[in-house]
Amino acid sequence: GQQLNQSPQSMFIQEGEDVSMNCTSSSIFNTWLWYKQDPGEGPVLLIALYKAGELTSNGRLTAQFGITRKDSFLNISASIPSDVGIYFCAGQSGGADGLTFGKGTHLIIQP
Amino acid sequence: DTEVTQTPKHLVMGMTNKKSLKCEQHMGHRAMYWYKQKAKKPPELMFVYSYEKLSINESVPSRFSPECPNSSLLNLHLHALQPEDSALYLCASSQDPGWGSFFGPGTRLTVL
Numbered sequence: 001g002q003q004l005n006q007s008p009q010s011m012f013i014q015e016g017e018d019v020s021m022n023c024t025s026s027s028i029f030n031t032w033l034w035y036k037q038d039p040g041e042g043p044v045l046l047i048a049l050y051k052a053g054e055l056t057s058n059g060r061l062t063a064q065f066g067i068t069r070k071d072s073f074l075n076i077s078a079s080i081p082s083d084v085g086i087y088f089c090a091g092q093s094g095g096a097d098g099l100t101f102g103k104g105t106h107l108i109i110q111p
Numbered sequence: 001d002t003e004v005t006q007t008p009k010h011l012v013m014g015m016t017n018k019k020s021l022k023c024e025q026h027m028g029h030r031a032m033y034w035y036k037q038k039a040k041k042p043p044e045l046m047f048v049y050s051y052e053k054l055s056i057n058e059s060v061p062s063r064f065s066p067e068c069p070n071s072s073l074l075n076l077h078l079h080a081l082q083p084e085d086s087a088l089y090l091c092a093s094s095q096d097p098g099w100g101s102f103f104g105p106g107t108r109l110t111v112l
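If you're matching them up, the sequences are chains A and B in order. The working numbering puts the first sequence at residues 1 to 111. The working numbering puts the second sequence at residues 1 to 112.
Simulated from the structure, these hints should not be mistaken for lab results. Built from N, CA and C at the ideal position, the CB exists for glycine as well. Among the hints, erroneous ones may be present.
[As the list claims (entries may be wrong)] Calculated pairs, DSSO-like style, for lysine-lysine (alpha carbon to alpha carbon, straight line, at most 30 angstroms):
| id | chain 1 | residue 1 | chain 2 | residue 2 |
| --- | --- | --- | --- | --- |
| 1 | B | LYS9 | B | LYS41 |
| 2 | A | LYS103 | B | LYS41 |
| 3 | B | LYS41 | A | LYS70 |
| 4 | A | LYS51 | B | LYS22 |
| 5 | A | LYS103 | B | LYS9 |
| 6 | A | LYS51 | B | LYS9 |
| 7 | B | LYS38 | B | LYS22 |
| 8 | A | LYS70 | B | LYS38 |
| 9 | B | LYS41 | B | LYS18 |
| 10 | B | LYS22 | A | LYS103 |
[Claimed, not checked] Rough simulated footprint, nothing fancy, chain A against chain B, three-plus residues with beta-carbon under 8 angstroms:
| id | region |
| --- | --- |
| 11 | 32-45 |
| 12 | 98-110 |
So here's chain A without its partners, still in its complex pose:
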């Protein structure tokens, strides 16, 4: 099946630093999504990307849909304590498909 390679696996940063994570795939996706999941909760949709080359922002978050449709990145600027959690990228190939998830990036912020 399709696989998404998400990196880094974990990040230890200081409050106020910028964060960058990315996902790559050997297959083309038509939709790229970024989610954040807190312990014991469901994933929360942060940004949805539907067009190759698209760059979208949501507050301090910025994500891009790679031009080859095989990659995406998420940047978080000026991190704050509530940014702690696990971030997942997810791709969708076709209209009726579900999501394929990356393995997640665990973000830890040191005060």
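Given the structure of chain A, go ahead and fit chain B onto it with the hints provided.
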């Protein structure tokens, strides 16, 4: 109403029990999904319903039986589960197939 709700939040069942998980959304979304998530792993797709019809079954064992009674409701019927089926079961919906999915809070299932 902009959320996906799931009940129950927690469920403990024996291997001979029959139970059901329920998911509801009132956003007019036409696609609904079940995912299974084990600890420290990403969600894995189980079923996709598109316009109330089952469109994808990711080779899920028959002890899991999905049902979509109407466009707002999605059930997952459980029977004769195994301890390894213990996981967080997530429901999601999207406006149309291919659009970003919104997830519910999940049902934490423990099979004894």
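So, going through the hints one by one against the coordinates:
no.	hint	verdict
1	B:LYS9 to B:LYS41	holds (19 angstroms)
2	A:LYS103 to B:LYS41	holds (6 angstroms)
3	B:LYS41 to A:LYS70	holds (22 angstroms)
4	A:LYS51 to B:LYS22	violated (34 angstroms)
5	A:LYS103 to B:LYS9	holds (24 angstroms)
6	A:LYS51 to B:LYS9	violated (36 angstroms)
7	B:LYS38 to B:LYS22	holds (19 angstroms)
8	A:LYS70 to B:LYS38	holds (26 angstroms)
9	B:LYS41 to B:LYS18	holds (26 angstroms)
10	B:LYS22 to A:LYS103	holds (27 angstroms)
11	32-45	holds (count 7)
12	98-110	holds (count 10)
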